[in-house]
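Colleague: Under this note's numbering, the first residue of the sequence shown carries the number 1025, and numbering increases by one thereafter.
Careful: at least some of the hints might be erroneous.
Capping the alpha-carbon separation at 27 Å, the derived lysine-lysine pairs in DSS-like fashion look like this [claimed, not checked]:
(1) Lys1203 <-> Lys1071
(2) Lys1172 <-> Lys1203
(3) Lys1096 <-> Lys1071
Don't read these hints as lab results, they were simulated from the structure.
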Amino acid sequence: GVFYYAMEYLDGMNLEVLVQRYGPMSEARALCILCQVCASLAEAHAKGMVHRDIKPANIFLTNRGGLYDFVKVLDFGLVKNDNAEESAHLTNPNALTGTPLYASPEAICHPEQVDARADVYAVAAVGYYLLTGSPVFTGRSVTEICMKHTTATPDPPSTRIGRRISPDFENLILQCLSKSPEDRPRNASALYGCLDACHVEGTWTTRDAAEWWGVYDDHIGTSQEGLAVTAAPSLLKRQSNVDTTVAFDGDTKETNGGQPEKDVP
C-alpha cells in the first residue's frame, strides 16, 4: 500500500558539471555528444513533443555496456505537445517555461508558437557552451538575458575562446542560433543530419571516451555532486536563477515572486 516510483540510476555527470570542472571540450567530442542529444530528441519530435528545457544540466553522460560518453537526455517535465487541440486545454498556454540561458527568441516572445525548432536553438546553445565554457549570452538579470536572446547577435565561438573552430561546425551552431526559426533545421532529426556532415578537427572515438573516463573515474560512481544536479537541482545552492528552470508571463516577468520553479526529477 506504499506509493513509490522507480528511477534509473545514472553513474556519471551532467554536462554542466563536466564543463565547470574540466573546461571547454574538443569540437570532436562536442560533436559526438550533440549527435546523441539529437538522436534522443528526434524520437520525441517524431511524436510531436517539444522538450522546452534542453540545457547542460539536463544532458547526462554515463556508461552503458562499455560505451562511455553515453548520453541521457533528462527532465521531460516541461514537454509540450504540438497537437494544437490538446494544447488548447492546457493552463496558461502563453507562459514561457524553461531556462533563460538556453531559451529561444520565440519561446520568450511567442511561447504559444514554440515548436521543435526551439529545441534546435537550445541544442546549439548547449554546443556553444561545450566549445567555449560559457553560455551564448549572460547578463545581470533574467530580463537582460532574454533581451539578448531576442535582439543581440552572438559572438562566434572561435571569437569567444580566441582560437579556430572548424567552419562547418561553427557556422552550423550560429545558424541554429538564428533569431528566426525558419533559418534553423526544422527538428532534431534534420539537425542530426547537419551535424553528421560536419568536418571537425581531431577525432573522438569510443576508445578516447573510455580513456578519458579511465583518468577521471574517481569522479563517477561516488560523485554525489553530479548525481545531485540530476536528481534535485533545486537543492543546490545557486548564485542566481538564470541557469535554473523558471516561468514567465507574457510580458517576460518572472513568476513566483522572481523565484525559480522547483525542478522535478
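Colleague: Could you run down the list of hints and mark each one as holding or not?
Modeller: Here is how each hint holds up against the structure:
At most 27 Å may separate the alpha-carbon atoms for a hinted pair to count; Lys1203 and Lys1071 meet this at roughly 25 Å. Annotation: proposed proximity of Lys1172 to Lys1203 holds, straight-line Cα distance about 10 Å (limit 27 Å). Note on Lys1096 and Lys1071: the hinted pairing holds, with a Cα-Cα distance of about 18 Å set against a maximum of 27 Å.
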